[in-house]
Amino acid sequence: MENFIIYLFIILFVVIAIYRSINPSKKRSVTDDSSDIQNQSLINQQHLDQIHQQNVLNQTIIDQQNMQTQIDIQQQQNFDSN
Numbered sequence: 001m002e003n004f005i006i007y008l009f010i011i012l013f014v015v016i017a018i019y020r021s022i023n024p025s026k027k028r029s030v031t032d033d034s035s036d037i038q039n040q041s042l043i044n045q046q047h048l049d050q051i052h053q054q055n056v057l058n059q060t061i062i063d064q065q066n067m068q069t070q071i072d073i074q075q076q077q078n079f080d081s082n
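Going by full-length UniProt numbering, the first residue of the sequence shown is number 1, and it counts up by one from there.
Note that these hints are calculated values from the structure, not bench results. Keep in mind that a hint or two might mislead.
[To be verified] Pair by pair, the computed Cβ-Cβ distance ranges are:
1. Q76 - D49: 36 to 42 Å
2. N55 - Q76: 29 to 35 Å
3. D32 - N66: 49 to 55 Å
4. T69 - D32: 51 to 57 Å
5. T31 - H52: 39 to 45 Å
Cβ coordinates follow ideal geometry from the N, Cα and C atoms, glycine included.
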């Protein structure tokens, strides 16, 4: 019975060794994590740049609308005074 248990352990270790040789574990290194962080940081910065560009465009549109409103008000006042 003792020999049977020993043989089971030996077979188990052999199966584990064969499995690990066929499917080696893919451990991530610190450099992989660092690279992922840098890539995500770059993506985030690009996204922030896009948001900033959109904000500038929106502000430009608002400024143009405000100028047009001021022009309309001035024209209406001129018309009313005449």
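Legend entry - Consistency of beta-carbon spacing, D49 to Q76, with hint 36 to 42 Å: Taking Cβ atoms as reference, Q76 and D49 lie about 41 Å apart, which means the hint holds.
Inset, instruction - Could you check the hint for me, namely that D32 and N66 are 49 to 55 Å apart, CB to CB? - result: holds, 51 Å
Legend entry - C-beta pair T69, D32: status relative to the range 51 to 57 Å that was hinted: holds, 55 Å
Inset, instruction - Please test the hint of 39 to 45 Å on the beta carbon pair from T31 and H52. - result: Cβ of T31 to Cβ of H52: about 31 Å, so the range 39 to 45 Å is violated.
Inset, instruction - May I ask you to test the hint 29 to 35 Å on the CB atoms belonging to N55 and Q76? - result: Taking Cβ atoms as reference, N55 and Q76 lie about 31 Å apart, which means the hint holds.
The structure is inconsistent with hint 5 alone, although it conforms to all the rest.
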